[in-house]
Each structure stands twice: as structure tokens, then as C-alpha cells.
Amino acid sequence: MFEFSTLLAAASETLGQIMQPVNLLAIVGGFIGGLFIGLLPALGPSTLLVMLLPLVFKMEPVTAMCLFAAVMGSATQGGAVTSILLGIPGTGSNVATVFDGYPMCKKGQAARAIATAQVCSAFGGLFGVICLVLLLPVVVMLLMSFAAPEFFMLIMAGLVCIVIAARGNMLKGLASAAIGILFSFIGFNSITADIRFTAGILYLWDGIELIPVIIGIFALSEVMMLTLRGGTVAETKETVKGTWSHTLEGFREVLKHKLLWLRSSIIGVIIGIIPGIGGSVASLLSYTAAMQTSKHPENFGKGEIEGVIGPEAANNAKEGGAVLPTLAFGLPGSVEMTVWLAAFTILGVEVGPVLFLQKSGLVVAMTIIFVLAIANVVSSAVVLLLSRQLSRVAYINYYYLVPVIVTACLVGSFATRSEILDVVMAVLFGFFGYALRKAGFPIVTFIIGFILGAKAEHGFLQALMISWGSYSIFVTRPISLALLIIVIFLLALPFIRKRGSQKRSQRI
Amino acid sequence: MRKSLLFSRPWLLLAVVTAILVAVGISGCASQSVEEAYPTKEITLICPYPPGGGADLTTRAVAPTMSELLGVNVKVENIEGADAQKGMLAAWQAPSDGYTIQLVNLPGNYLTAIMELNKEIGKSWIDLTWLQTLNFSDYTLWVKADSPYKSIEDLIKAPRVSFSASGGSSMYVTKLMINITKMNGTVVTGYGSSKDIMLAVARGDVDAVVSGLKTGLSMAKEGMVRPILYFTPNRTPEFPNMLTAREAGFPDLEVTMGYRGIAGPKGLSKDKAEKLNQVSQKALVAPTHVDACKKEGIPIATPKDLKTTDTEIRKLLTYWESKIDLLK
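As they're listed, the protein sequences go chains A and B.
For the first sequence, my numbering begins at 1 and goes up steadily by one.
For the second sequence, my numbering begins at 1001 and goes up steadily by one.
In isolation and in its complexed conformation, chain A is listed as follows (with noise of 0.2 Å):
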């Protein structure tokens, strides 16, 4: 695609143009706007670089990059702190932080799942756009080779992950999982062109918005849970260590389980590439995935500190992922990267192949690499800095600390779309989770089930009309069939495990 003295030349220019005090004044404003809005309940960069879209029309393109990468670098690290500290997910890319974040800041362990998260994240990050530099001559093959049959089996290994998830409570597991599924068939099937389950109102034709569910199953059931309850969010108290006591604890959480936060960033990337999966799929994939592996599944969902890597590891490291495609070809990867796309014609600025031919696209492109990289490890470090004093917002008494949850959750479910209906479906989702809870249901499962079911099925369908509905094409495609062979390794695990402690206790 390009010469590596190109690349050489170009990153030497790039690196110049950064310098400039513009340039460096953007990424100082687009890195504190991306901590904030990330520490703001449910809202994403998506959010942010929609108001800064208009922007894009005076600047000049590196300039315009400088801002949109310290946007996308550092909202997702303030979107672990509120899934930690809140049970909030800041974005939908941190969903399954929730899951053992939040109940680690109950067992009084927020300054250390905010250390790793912040850790994994700074590597997850630096991981993807390491992977954005050498995938970039070969992206073209790898786009190539993820269709329709692929995406289906990729999901269905998430799905799987249900039987996992629902350990101990299989039939409720279960139960919740398939809840999950019918939810996410609501609405209209771009497949068979079918609008189903809307009772006619049009504000379900789109399906039910993922940030509301998120809300309400997650933060305001929560809430409803905490008040009855009363006290604080963390229920034992805290050793409060110093900041840079945490910040190595953080570093050897994750050297201690290096392997996990490879594959976990790997995954973060490959889901990155594949356009229209989105990092709620990324991060509940690593996580699933996570507990299959994990010596001590079991304590996956009571606050396992592998729990909170692999999802944090995957949702920086798909940053760097989600761009490839977006440069390659003009195809969004994320929601984020449509608006990247918008700004790339604003600024005249032709993607495809044809933007590496060009000095000045490599430019661009190497202006995103390099402030994504910035973006990443200085945000990173910032929330460390601040990780004990964030961590004692679980010892505030709930008298203050519910009426500001439950303002931010309404306010973060209308802002993402400025849809009143966001708001009165979150709540309707608070009384639902509530009554989850309350019946022993897992809601880990309902929310796999309810981001996963639907793109199982497009996938499926998909696949089925392009092989004229031969069911062949699941085991023809050497991806696929390599995917399917993980699904059914996956669903033996346990199996395969019981058998071996079995034979072990006879042994013994």
C-alpha cells in the first residue's frame, strides 16, 4: 500500500504539525470534554462529537483530528469509573464493567477496580492503535473474510456464553436470557422487512435503544435496591491506600494476568474491524469469554477482578480497530466513527485506499494514531491521579447520593437522543430489573441476551439469503467453521471440566 520511508516521512511531519499550539490547544480540549462526558451516566464521545461536528467546517484537518482523537482516546476511560463506582455503564462499551466492578466497590475494592481498569484500559488502548499501524496494509483482507456466516458464529460464541453466565441458576439464567432475546426482536427486521412487537407506536420501530435498558436494569433497580437498603453503595469499608499504591497494585493486576488482557484486546480488535458490532458486543464478548477461561468462573458476577480487565482491556483497544475500516474504506465501525465519517467529507478528505497513496492522508491518518495513543495513557493517568478521592463517592450516605444518580440517569437516557420516550422506557426498565432482582433472576444474562439476540438472528437470516438458503455455508467458510468449532468447544467446556474433577476426586 505505501513505502515504509513514507511512513517515516510522514510520521516525522505529523508529529511537527501536533506541535503546533492549535493543534495541541485541540487535543487539550477534546481530552477534558472526552473524560467528562464519559464520566457523565450512559453518555458516550458519540454525544460530544455530534456538538463539535459544526466545528469541523472552519478547522483545518489535522487540527480537526487532533480534537476528535482526545475526544475517542479519553471518554471510555471515564466511562469505567461510573460502571465501578455507580453501577452506571459511562458508555455502552463499558455494560460488562458493571457486572464485577460494581460489586468489587460494594466489597469496599473501588480504588483498586478503578486502578486496573485504568491500567488495562492505558494497554487495551496503546494495544489497538499498535494493531491499527500494522493491520493498515492488510485490513482490505480482513474485511474480506468477515461476512454474514462469520458475524453470526462470532455472536453465537457471546451466546453461548449464557449457559456460563446462568451457572448455579440455570433455569432462571436461562429464563432471563430468553427475556433478553424477545426484547431485542422488538421493532423492525431490516431482513424480512417485518415491523414486530410494536403495538403500532412508532417510537419502537428502531427497537428498544440500548442506553435506557442499560439505565434502568442496571442503575436505577440498583437505586431502588439501595434505598430500601440504605447506608452507603460500599458495603464493607475500604483500606485507603495511597495513589500510587493503587496505581501498582493496577499494574500488577494485569501483568498477573497478561494473558487475559491479550486475548481480551485482541478481541476488542477484531470486533473493532468488523462494521455495525459496536463495543457493548466487545465487551461483553471479552467478558464472557473471560469467565470461560477463568479458574474461578463461580466468583465471576460477585466481584472478580478478571471481570473487570477483560471488558476494559477490548473496549480501548476496538478504538483502534473500529478506525481500520473507517480509513480503509469509508466504513464506520462504531457510531463514533459515522461521525468521523461526516467530519472526514466535511473536511474534504477522501477515505478509501486511495488516502494512503497521498501524503496528506497519511498525515491524517498518523495524526489519529498518534493523539488516540496520547489520549489513552494521559486520561489513564489523570484518573488514576484521582482514583482514591473518586473511590469515596461509594461512603457517601444514599440520602445524597440517590437523588443525583437518578437525575443523572434521566438526564443521560434524554440526552443521548433527545427522546423523551429514552427517559420514560429507563424507568419502566428500573421496575423491570427491580423485579429481576427481587425474583432472582440474573441480569447478566437478560442484557447478553438483549444486545446479542437480534444480531444473531440479522446475521443468520443474512447468511441464509446468500447462500439461497443453504444451511451449508456455516462449514464451507474456513472462518466460520473455525468459529463454529470455538461455539461447541465452548459449550463442552463445562462439561469437559466436570468430567476432569471427577476423575480427580476418584483419584484421590
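Where hints are given, some of them may not hold.
[Stated by the list, open to error] Computed footprint of chain B on chain A, listed as stretches where at least three residues anywhere in the stretch have a Cβ under 8 Å from a Cβ of chain B:
(1) 141-150
(2) 181-193
(3) 260-270
(4) 426-437
[What the hints assert, rightly or not] Once the Cα atoms are required to be at most 25 Å apart in a straight line, the calculated SDA-like pairs of lysine to any residue come out as:
(5) B/1182 - A/255
(6) B/1119 - A/464
(7) B/1294 - A/50
(8) B/1075 - A/386
(9) B/1315 - B/1180
(10) B/1086 - A/248
(11) B/1150 - A/144
[Said to hold, decoys possible] Some chain A residues near chain B, calculated using beta-carbon distances under 7 Å:
(12) 199
(13) 200
(14) 201
(15) 202
(16) 205
(17) 206
(18) 329
(19) 466
Honestly, the hints are just simulated from the structure, not real lab data.
Just so it is clear, the structure is predicted and the values come from calculations on it, not from any experiment.
Built from N, CA and C at the ideal position, the CB exists for glycine as well.
Let chain A serve as the given structure and place chain B on it in line with the hints.
For chain B alone, coordinates are given in the frame of chain A:
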């Protein structure tokens, strides 16, 4: 019975009647002057698509010139969702006072409303006040670069062919082509964007795709896809020898698709519609819109007066309504 004071004094009755007539006259003049002064407050221009897409960029490209010429702010409001039907409904239900207008994408928005939303509501959209056509897409038939299909005739002769589509206008024109040419074709839907459907062809998911010329140009330069037919007579320098639909023997396929235009609610007064038409004629050729179209690689429509715009759009929608059965 005692006569009332009013009727006992004719001069008083006359004075009251005169006062009423004067009041009515003044209010009439006032309303006329308000009408003459239109607009006096902010105008909302609804874009039924999310921020960032081509339709949004068009809306934002014409709004500044319209604001400047009208002397009031023209605010762009994105009401996205339900395949643009939420925004269309919001504009359709707005009062016809000239302070809410909308961007439309034709015939996609119209056909989706008839086929998916509500047949009666959809059909009534033909009576919206059509103010101006801004730009349009020229559709092209694409195949994979190493595809055995060299022409539309090859696709017709093939035992079966598949096309990718993401919904909206490109899907409708694909279905129309399959029916008009009587090919044994199927449409694989559910792809996310115009780039996605092009990649589906390059990857070999499907045999062909109907899409905008600009969409496939960069992939064509990389030797991944190849165009085989222009739908309209607008030839481009990149493919000077390629046949048009008419030349290939299918004049019925010569339909221009993906019209983006501005409309007002049904019953918008002629004065206001004229004013908005004149302003949008200028906004259409303003540098912001010309630049946006250039970047997107789509042709700009010719500025037209109100009557011509209305006639053309009605003709287009009537044509597509007559083809509904072929699109199912």
C-alpha cells in the same frame, strides 16, 4: 317592551357597526402585513436522518444561506429513526405556518411510508408543499471486478443472481430492475450503508449491486469492483464507454433516484411557499451547498420555480406509486 339603548339610537348602532368593520379591517390588514413580513421568527428545518450522513450535510449546507436570505435563523433539527419516518411524521403533523419545513429523500421516504408505515398517510404525502429539489444520486450497476458478468444482459441470462441492498431508494430501484428486466434475482438486505453493500459485492456475498457512482469509485480504482451500466444518461469521464439503461434497451430503468429536496406541510400558503422556493433556489447554488455536493460526489439539481418543482415531484411520486406492486 323597552327597546335597547343600541337600537333606540340609530347613530350609535351605526357607530358600533363601523367600529366592528374598522376593527376587522385593521386585523385583516395586520394579518396581511404579518404575512408580508414572513418570516418573523426562527424556522425549523427537520432532517429525518441522524447527524453526520449525506442528508444531514445537505441540510446543513443550505440552512446558512436560507437564514441569511430570510433574515431569521433556519435551525436544523435532526429527528431520526424509523427509517426517516419519525422526522417525516413530525413535519407532516406540524402547522402549515411556514415555520416548520423538512428535508425529504425521494422516492425512498415516500415508498417506505406507503409500504411500511401507513398506506393512507404515505399516499397523502404527495400533497406536501414541494419547495425545491436540491441534489440527486445517479445510480450505477456494479459487479465484482473479476465477475463473469460483463453486461446487464449477462445478469438477465444467468440462472440466478443476487444483489445487496441497505434499504431505501437503492433497494426499491434494485427491485424495480429485477422486475422490469425479468431476471431471476433476489435482494439480500440488512447491510448498513452504501459502502457496505459495495463491499458485499467485492467480497462475493452477492453478484451485483445498484448504487451511486461515487460510492464505488475508490473501490473500482483498487480493482475490486467494476460498473456495467449507467441508469441515467449522465455519463462520467471515468467510464466514457459504458452503456446507459436506454442504450441497453431498458428505457424504463432511466429513473433518477435519491432526490433530496425541501418540502413544507400540506396547505402552506402560496406566498410563503413562493418565498421559500425563491430562497431555496439561491441556497441551492450557494458555495456551501455546491461544495458539499462536490465533496459527496453528487450532482446538484437545477433551481426551479414552485410550479415546476411541484409538477416534477408529483410526476415522480405518481410513477413510483404505480410500481408499488413490483417492489414488494
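Okay, the hints, checked on the actual structure:
no.	hint	in the structure
1	141-150	holds (count 4)
2	181-193	holds (count 4)
3	260-270	violated (count 0)
4	426-437	violated (count 0)
5	B/1182 - A/255	violated, 63 Å
6	B/1119 - A/464	violated, 30 Å
7	B/1294 - A/50	holds, 22 Å
8	B/1075 - A/386	violated, 40 Å
9	B/1315 - B/1180	holds, 19 Å
10	B/1086 - A/248	violated, 51 Å
11	B/1150 - A/144	holds, 22 Å
12	199	violated, 14 Å
13	200	violated, 9 Å
14	201	violated, 10 Å
15	202	holds, 5 Å
16	205	holds, 4 Å
17	206	holds, 5 Å
18	329	holds, 6 Å
19	466	holds, 5 Å
Hint compliance for this structure: hints 3, 4, 5, 6, 8, 10, 12, 13 and 14 are broken, all remaining hints hold.
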